[in-house]
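Which chain is which? The protein sequence lines are A and B, in order. Just so you know, we're using our numbering here: the first sequence kicks off at 1 and counts up by one. Just so you know, we're using our numbering here: the second sequence kicks off at 1 and counts up by one.
Worth flagging that the hints you see were computed from the coordinates, not collected in a lab. Errors might be hidden in some of the hints.
Dumping the calculated BS3-like pairs for lysine-lysine here, alpha-carbon to alpha-carbon at most 30 angstroms [what the hints assert, rightly or not]: (1) B:Lys128 / A:Lys83; (2) B:Lys48 / A:Lys74; (3) A:Lys83 / A:Lys108; (4) B:Lys48 / A:Lys70; (5) B:Lys10 / A:Lys70; (6) B:Lys10 / A:Lys63; (7) B:Lys78 / A:Lys154; (8) B:Lys78 / A:Lys70.
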Amino acid sequence: MFQAGGNSDEGLFDYLHMELVSTLLQPERNPGIHLSISTMEHLGFSSGYRLVERLTREWPRFKDELDSMKFICKEFWTAVFRKQVDNLRTNRQGVYVLQDNRFRHLAKVSTSGQYMEAAPKLVVFTCGLVRGALANLGIVSVVTAEVSAMPICKFQVQIQRASA
Amino acid sequence: MACCVAVIGKDNSPLYIRVSNPETELYLHFTVHSSLDVVEERVNSLAKSSVGDIRELYLGLLYSSETHRVYGYATNTKVKFIIVLDVSRVQNVNENELRSMFRRIHSAYADAICNPFYIPGDQIDSTKFEAIISEILL
Numbered sequence: 001m002f003q004a005g006g007n008s009d010e011g012l013f014d015y016l017h018m019e020l021v022s023t024l025l026q027p028e029r030n031p032g033i034h035l036s037i038s039t040m041e042h043l044g045f046s047s048g049y050r051l052v053e054r055l056t057r058e059w060p061r062f063k064d065e066l067d068s069m070k071f072i073c074k075e076f077w078t079a080v081f082r083k084q085v086d087n088l089r090t091n092r093q094g095v096y097v098l099q100d101n102r103f104r105h106l107a108k109v110s111t112s113g114q115y116m117e118a119a120p121k122l123v124v125f126t127c128g129l130v131r132g133a134l135a136n137l138g139i140v141s142v143v144t145a146e147v148s149a150m151p152i153c154k155f156q157v158q159i160q161r162a163s164a
Numbered sequence: 001m002a003c004c005v006a007v008i009g010k011d012n013s014p015l016y017i018r019v020s021n022p023e024t025e026l027y028l029h030f031t032v033h034s035s036l037d038v039v040e041e042r043v044n045s046l047a048k049s050s051v052g053d054i055r056e057l058y059l060g061l062l063y064s065s066e067t068h069r070v071y072g073y074a075t076n077t078k079v080k081f082i083i084v085l086d087v088s089r090v091q092n093v094n095e096n097e098l099r100s101m102f103r104r105i106h107s108a109y110a111d112a113i114c115n116p117f118y119i120p121g122d123q124i125d126s127t128k129f130e131a132i133i134s135e136i137l138l
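Model the full structure from these sequences, guided by the hints.
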């Protein structure tokens, strides 16, 4: 997850994430662990917060919000998922939509729609990850995800302005 | 080389501040805090300019007095690092040396933040970070 190492550490992130999701889906398997969707989001938040500190170290100063957003789509996404976000759209009023056409945590799930109700649990960590990264860059936001067909995931980032 | 190193958080609260000579502590704290306005001014003016290479994180000399020179560095995550040099002890200042000092502080800071037991916004309390700062203060 953190360095461009061999294939082994890439797998580790997948396995760890899968275990987290499975604990979330079947709490009776690990009775000692109380994991909820919001804890999972918080785990993502602190990972994103710390990760961005490291990733922006060698980076020139961001000009504006869009510049930070592009950083998330390119460098941040590449560091975490080994690919870039496929599409970034904005209404220029503080709403950004990041579309990933083959989202890593959904890529191995059946496209038939059988596991549609598990989708929120599969994407919530990443919502937190993006929110944490933006928070450390000084942008307070609300991140929600939308899955309409399996490997495609849209993350909507709503920037909370200080004045509003 | 430096006589004071400070790390200031996003909301301008001190995360870490250390001086080499305890007698001058109060004065140096004051110096560091008064330099924060200059940092803010400089970051805002740099963000507006479109020229690529002045978007560097290193901010250069913030101001100098008869006794001290204050240098600044602001990360993308709005954390500021301040180094104060004693003019009587350091005659020639090498810009590259300062850049590398700031870079070392920055990587030590990133390491400290990545410690899962560190809560963002708290004072930095890490022996590794402390050791790097001690080397810079020498």
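(Q) Tell me the numbers of any earlier hints that the structure contravenes, in ascending order. (A) Hint 1 alone not satisfied by this model.
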